[in-house]
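The task is simple: from the sequences and hints, build the whole structure.
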Amino acid sequence: MFKKILIANRGEIAVRVIRACREMGIKTVAVYSEIDRGALHVRLADEACLLGPPPSNESYLSGEKIIDVAKKRGAEAIHPGYGFLSENPKFAKDVANAGLTFIGPPGEVIELLGDKMAARKTMINSGVPVVPGSEGGIENQTQAMKYIGEIGLPVLIKAAAGGGGKGMRIVNSEDEVASAVRGASSEAQSAFGDGRIYIEKYLAKPRHIEIQILCDTHGNYYYFPERECSIQRRHQKVIEESPSPIVDETMRKKMGEAAVAAAKASGYVNAGTVEFLVDKDKNFYFLEVNTRLQVEHPITEMVTGLDLVKKQLIVASGGKLDLVQEEIKPRGSSIECRIYAEDPKSNFMPSVGKLELYREPGGPGVRVDSGVYEGFSIPIYYDPLISKLITWAEDRTSAIDRMLRALNEYRIVGCESTISFHKMVLKEEHFRKGDISTHYIQDVLGGATYEESSSPEDDFAAAVALTVNRMEEDGKVRAQAVAGKQKVNKWKMAFPPGMNRL
Amino acid sequence: MMTYYVEIEGKELAINVAREGDKYIIQNDEHDTSVDLFKVGDGFYSLIMEGKQYDLYISNKDGSPLIDTGQRAFSARVMNDREKAITKFAAEAAVGGALPDLKAPMPGLVVKVLVEAGREVKKGDGLVIVEAMKMENELKSAGEGTVKEIKVNAGQAVDKDAVLVTFE
Chain B
1224 MFKKILIANR GEIAVRVIRA CREMGIKTVA VYSEIDRGAL HVRLADEACL
1274 LGPPPSNESY LSGEKIIDVA KKRGAEAIHP GYGFLSENPK FAKDVANAGL
1324 TFIGPPGEVI ELLGDKMAAR KTMINSGVPV VPGSEGGIEN QTQAMKYIGE
1374 IGLPVLIKAA AGGGGKGMRI VNSEDEVASA VRGASSEAQS AFGDGRIYIE
1424 KYLAKPRHIE IQILCDTHGN YYYFPERECS IQRRHQKVIE ESPSPIVDET
1474 MRKKMGEAAV AAAKASGYVN AGTVEFLVDK DKNFYFLEVN TRLQVEHPIT
1524 EMVTGLDLVK KQLIVASGGK LDLVQEEIKP RGSSIECRIY AEDPKSNFMP
1574 SVGKLELYRE PGGPGVRVDS GVYEGFSIPI YYDPLISKLI TWAEDRTSAI
1624 DRMLRALNEY RIVGCESTIS FHKMVLKEEH FRKGDISTHY IQDVLGGATY
1674 EESSSPEDDF AAAVALTVNR MEEDGKVRAQ AVAGKQKVNK WKMAFPPGMN
1724 RL
Chain X
22 MMTYYVEIEG KELAINVARE GDKYIIQNDE HDTSVDLFKV GDGFYSLIME
72 GKQYDLYISN KDGSPLIDTG QRAFSARVMN DREKAITKFA AEAAVGGALP
122 DLKAPMPGLV VKVLVEAGRE VKKGDGLVIV EAMKMENELK SAGEGTVKEI
172 KVNAGQAVDK DAVLVTFE
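First to last, the protein sequences are chains B and X. For the first sequence, my numbering gives the first residue as 1224, with consecutive numbering after it. For the second sequence, my numbering gives the first residue as 22, with consecutive numbering after it.
For the record, the hints were derived by calculation from the structure and aren't laboratory data. For clarity, every value in this text was computed on a predicted model and none was experimentally measured. Mixed in with the good hints there might be a few duds.
Below, computed lysine-lysine pairings styled on DSSO-like, alpha-carbon distance capped at 30 angstroms [stated by the list, open to error]:
1) 1699(B) with 82(X)
2) 1650(B) with 1552(B)
3) 1650(B) with 73(X)
4) 1460(B) with 1656(B)
5) 1568(B) with 172(X)
6) 1568(B) with 124(X)
7) 32(X) with 1646(B)
8) 1460(B) with 1476(B)
9) 1460(B) with 1646(B)
10) 172(X) with 1699(B)
11) 1646(B) with 181(X)
12) 1476(B) with 1533(B)
And the structure:
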């Protein structure tokens, strides 16, 4: 096992990796930008090195500097976390070329799976179901029309290098095809420097269900119970749960085996996630592979009792995974709510500030993965994630109720947060029944102007506390005034300022 | 008995209060009760009123109190008799009045200024685009008015509450 590793990340995920290392007796090197000098991941690490100014491309995205720091500090491996350099094939290769271990799959695998079109082809060849569409790329309207004839409208035109909804167009009618092909290609060219596009059937209201995989270098491949991440806003997951309310044991096995087939086809090593879209008839289709530890990995840990970060470290150091596939089963139910520094009342506008009051929930079945502390100022430069609140309970309804309880205990003052938004979803009938899709937020919540719930009773209690608080303050001021009445000037002359406060 | 006026989210409550031992008598149109406000720590209070317990946090930064009930955080304004009278007078004195200055709601980078001095704006018109955390946010006019001065340029970094645009 490694003696020391560097964590090329910040925030809650850096803290998460440091915690696993601590438990395994591995020393940690944190890296940070100027604005993160006081960040929690720096405070918890054994060693820390400044990378540069706050902007990501001068700090957390600066691969060369990070590799340099790792070598200087004697770290044997680099954990990239998620985001930043985690899915950058060049970085993974550079780390390996520098004689260090990249804690993740090899650069070549990241490269293959990062190319959506190449990944799709690999999956088709290994029998993993993909969304009906073109096998390779399309170049013009005529080719697009040929596929539309086969699979029918609506379709999605997507960029091979795509991500985050860029270079993606929905086509609902034939007269939109020409402009969609042109638009997607030029957008992909400018966003990724790669204008290649392909075509896929557009699934109406799919669910997003993904499978965690874990593979060692000794030919062992494992799949984990599924995570359902259908609750999304602007293609970003906000609530995840495991297991999915619609997946039974047969489907779980089928999806798991497909995910392992995908892993084998791409020569996968370490932890990864195979994402699928699921239609209303429970057919599942390969979407993409995320070649890193996912944000939502804790819910898998909660239902399986396995520590995925520790497993990553075992795999990266050449160790063998001693798991038995049949024994990796979900026990109970787990949910994660991503708590962002965003204001649900103003269309989720980022709301940064100093955390004047910050109190995390606790008690049975509650886990908080956070990268902040009371008094910390959330910087404007990075993802505004404050924490991930995770609950576990014996069944889905109990996990939801436990989450509501934990959200009620969570106290954040100093910036707005998405806590109240989560409460609204967790009380909503469709969500509670498990009747969800990736369109849930726009369809069910309807983008309706969001109102926080507050009873007149609470309002009055707040007013009473403020009144009493103010009266006491006024009383203190008056007492001072009385003490200094009449010959105020003499008092002031006789005592330096502050002395008359007895 | 003293009277205080508490403004929460546009509503105003007049509350009479008096100290009685270590408790407080609270009276208004609907309530006449004794409450127990226990200071737990700096800013932290536990209020017991009519048998119910409220876990509260009060912050008094910058003279405008903020209270967090756990269900939500309010910005509030608390006035005593004298302040209430002054406010009333000031409100009557102000005729019409200009729009308040547009201030940056968060620290960020000015991406684009959408108006210029002299421009007449309506409620909801975009004024300035500010980028924070890689997201662009269009700041809109709160009402009708005329732009007096633009205080920032595109590309400029601004702190929270920095004045961006003033009105006539």
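Of the hints given before, which are not true for this structure? Violated hint (a single one): 10; every other hint is consistent with the structure.
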